[in-house]
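Participant: Here are the chains, one letter per residue:
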Amino acid sequence: MRDAGPDIADEVPAVAFNGVSKTYPNGTVALSDVSFAIRKGSIHAVCGENGAGKSTLMKILFGLLEPTAGAVLLDGRPVATGAADFAGQHGMGMVHQHFSLIPTLTVTENIILGHEPRKGLVIDRAKAKQLVRTLSQQYDLSVDPDAVTGRLSVAAQQKVEILKALSRDTRILILDEPTAVLSPPEIEELFHRLRDLRDRGMTIIFISHKLNEVRALAESVTVLRGGQLAGTSKLADVPDDAIMQMVMGRAVEVARRVPAQAAGPAVLVVENVSTDARNAADRIKEISLTLRAGEIVGVAGVEGSGQRGLVSVLSGLMKPVSGRIIFNGHDMTVADRLTWRRAGLANLPADRFGQGGAPALSLVENGIAGTDGDEELQRGPFLRRNAIAARVRGMIADYSVRNPGIHERLDSLSGGNAQKLIAARELATRPKFLIADEPTRGIDVAAAAFLHRRLDEVARSGSAILLVTADLDELLRLSDRVIVLFAGRIAAEFRNGAELTPDRLGPFMLGLKAAS
Amino acid sequence: MNRSILAGLIQLVVTAVVAAAVVLIVLIPFALLQPAPLAVLTSFLIGPLDSVRHIGNIAEVATPIALTGLAATVIFRSGLFNLGTEGGFFLGGLAATAAVLLLPLPGFAAPLLAVAIGAAVGSLACIVPGYLRIRHDASEMVTSLVLNYAILFAGIFVLNYVLRDPAAGAMMSYRIPAEARLERLLPGTRLNSGAIIAVVACLAAGVWLFMTRPGLNLRIIGASPGFATHLGLPAGRIVMAAQVAGGLIAGMAGAIEVLGLYPRFSWTQLPGLGWTGIVVAILARENPFLVLPAALFLGYLQVGGNILSQEVGIPTEVVGLITAAIMLTVTASAIFQNPKLLRLIRRFRRAEVQPS
Amino acid sequence: MTSMLELLTDPALFATVLRVMTPLLLAALGVLISDRAGVFNIGMEGMMLSGALSGVLVSAWIGSAWLGLLAAVLLCAAIGALMAIIVNKLGAHLIITGIALNLAASAATTLGLFFATGDKGMSGSLKSGVLPSIRLPVIDQIPVLGTLLSGHHVLTYLALLAVPVVSLLVWRTPFGLHLRAVGVDAKSAAAAGIRVARVQMLALMLSGVFGGLAGAYLSMGYVSWFAQNMTAGRGFIAIAVEVMGAASAWGTLAAAVVIAIAETLAITMQSLGLPNELMQMIPYVVPIVVLTFWASRRRALARIAQLS
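Chains as they are written, first to last, in the working numbering: chain X, 1 to 516; chain C, 1001 to 1356; chain H, 2001 to 2308.
Bound conformation, chain X alone (with noise of 0.2 Å):
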């Protein structure tokens, strides 16, 4: 496998993309005709949105899916993919956002999981204990082999991933968001390591898009947008605001909302909330932020920044651990999800089908949800059935919803046509304050535009509302201020105007900037 001269093997790629694609059977085009290289020996990082079309390349590297044209060289020699433990036996090994460790089994467990070695019908365990510890030193990544996984620091457990990933002789290691995890000096330290990899002649794809992580540690960078190749170059040859750019899209000119009037009275007042999640991506750090009646607030941010965090909290479903939530004039702070609805709130959250509806029921079901007590549709305890349909009729007219028949199930929707019934559902409660999370995320154009409509209405009539979005066109166009969120701290506020513009968002998203 490795009989390439070193001469020749200098000159060849270690990884070459040539003209692949991908189209899903369901028609999504996934990539199309992407082409690039990456050096032998070299960490090389790869850039994009959500959607942007990384994890899929990852996957059709990694042998798991089988590009619809084009190929991928290894060493310059086409593979051929979807053999049994293709990735293993190319040399390739990855470590996961989320970790696919077993968090039951012991370091040296996880690490030989799949290749052990054996000493007759046992596992031979001084020889798998040996090979953690030389990898351990080899590598310079300690942990106690004896260790429980699940029960180690998340820092420690990545480098237990990492591990895993180069416990067979592997030559090309891929990260994919190592960072989103981790604090500041954690990753410090895996970016020290990373380097050491690089130096030993490890190729390394690095995925992220924290622009100043990706500049500290990679000497090239591809950039995915829409399944497309933005563009692929060596980091020192190209600015930030460049890179930014092809992540971005072109700056295109946003029509904003223009607000009805002043900002009314305070609706809602956090003040220096902090939370301590598990997850280091759900946490969020001495937030302060009032939201007036009428006002539409966007929170920006990369995705993992304390978005999941700052929702939770401010709707019931999690307690921070200091600061104070005031809603309406009452404390909040430790109030659950009910009590939230009950005192003015509704949320579009942005997993649509796992909590925003229930797939496998009804529209009419779906629509009149979280209802309870309202006389109209029901009597006692039953419902009124034509009251109901007459209500979820005119949701459905109000939001032009095109569904094939009241009682049919959610999910014989199309995601942009659910989205607009949980809208409808949740705008009708007239909300003192909403939040929409990621309203609009992979719903088409026509829908998405009516939202936003939608959603400025319920601003003027006098909501306040906290918009997170990851579609900074969306934000620019909606917000009235917009706070960037960074590791889990507001890292700037705007008043949204004509100047504000995605290049002044960047580097307070990407963490090259911070509110000082």
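In short, the hints are calculated from the structure, not lab data. In this text, all values refer to a predicted model and were calculated from it rather than measured experimentally. Heads up, a few of these hints could be off.
What the hints assert, rightly or not - Residues from chain X shown here face chain H by an in silico Cβ test under 10 Å; the list is partial:
1) PRO103
2) LEU105
3) GLU109
4) LEU121
5) LYS513
As the list claims (entries may be wrong) - Output of the computed footprint for chain C on chain X, the stretches with three or more beta carbons under 8 Å from beta carbons of chain C:
6) 330 to 339
7) 367 to 376
Heads up, the beta-carbon is just placed ideally off N, CA and C, and yes, glycines get one too.
Start from chain X and add chains C and H according to the hints.
Facilitator: For chains C and H alone, coordinates are given in the frame of chain X:
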């Protein structure tokens, strides 16, 4: 006609076809072993319908399993795999017997009161595993499984030391007084007024599940816990209520079975009708309205099996084989989540939509 | 307390404990292997029943108890494979598949017995084989120890021997590691190149081997005939034993011994005038308590981990 009902009918038809195929696949080898294979098929398939008495027998067999099926339906709808219906059924029968033998129940109301007491006591079999799951996160499946047997032996203890008639040869209770028994409806069968209760209970539960707010909330919790959390529904309380309701129905089923069929309480083993209830619930796809036809179908198979054993000499246990096979095929996602079938249903729906 | 002492010193009672323990231990070890692979075998009761009948029938036809045992083991392994196919290929619900297996086995064994003997209740008319008891060569000669340790049924020794073997299998072999990986997180195991469906099928087949041994013990050791539904819920106690033993082989042995002692006491207490029904409840109540304890401890630990 309502399109969702039509779409539901397709699934029902597929279920029926699958069930019929299973019946034939299991039965034909047995038939071929006999001198007159065709006679085997006719006595099994036609026999149960050839007389009023046999039809009455079907209803008689279907009564308890409709109720245990309903109990399992309510419990499964909450998303828990609580198998306490078997123990609840046993306990309900025992408690009802104890009530009529030990308590001074007023004559005319005795059966009703005894059934109510049976239901209340029997519900414990489902409440305990439900509580341990919700409060302590203990697997409701395992605890309910063993609790069923703990209840059995506790019950035998009560039977032996409290209710046992020393004059009777075997271990059985004193005679249940005639006025405490449920009224018989059809001469020559043991069909009793419990059947009416079963019908009413299934219809009422259907109305409750599909036409009331608490029923909707229960279905939301069972179908999508994430959505329930989003809505802020008090999941623990609602799930617990479903365990209580399921337990009450299972206990009521046992009470009705004993007061409707037997002169004395003599169960010294778990009667197994709680398990059959699970089959009913699965066959009915956890829809109370469909529990009745599902129970009648299993009753029909059971009566067919009984006729078979009397006329042809094939043991009635062949029904158990059929039931088990139906249980597997009906839950098999390879059949019912098959993309081809789903596409067919969708095409059928679209054809329905066009004219309107 | 005195009867507890008697029990420990009286060789006859000691033998009874071992007799009661043997099928529970074998079946519980079978449940353990399936549990570790994430395919909890709730159909153990049905497997035991099938094993018990096939052992009797084959040994009666061929005239060899050992071949009867082999038949029981092979049949139950095949049932395990079938379960795996039904769950992983047909996509049926695991627990419902187990319940269906119990139903089917109860019916099929009655039918099988009927077609073989013309009797639905008992196999008394068949001249079926019995597996021997074994005298241990040297230990047999030691005065007290000899009577205690020697002369038990061959499957009793096998069951005891199986404890370290299963422990070794689960904790020391590559297969055991795969088993534990698949049972905790099948997706991650698959990511490490393990074929999940194959591991689960092997686990259910091994579970069947133990179910076959347990069933054969009932009809070719405990007694020498097959009777309708003769397992009488032992498969479910075995599940409880495995749960009490926290899915470890040695823990399962301990739980099996505890429950065997409880059952033996129940039998002896009867002569002392204590209600044996209440004693019979013990094997079923203890696992509920133990399981609840484990679960709430686990939850408390998870909460602490969340905070740290």
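Participant: Next step is simple, just say for each hint if it's right about the structure.
Facilitator: A quick look at each hint next to the structure:
1. PRO103: 7 Å, holds
2. LEU105: 6 Å, holds
3. GLU109: It holds, given that the least Cβ distance between GLU109 (chain X) and chain H is near 6 Å, below 10 Å.
4. LEU121: 6 Å, holds
5. LYS513: Violated: closest Cβ of chain H sits about 33 Å from LYS513 (chain X), beyond 10 Å.
6. 330 to 339: Answer holds; 4 residues pass the 8 Å Cβ test.
7. 367 to 376: Result for this restraint: holds, n = 4.
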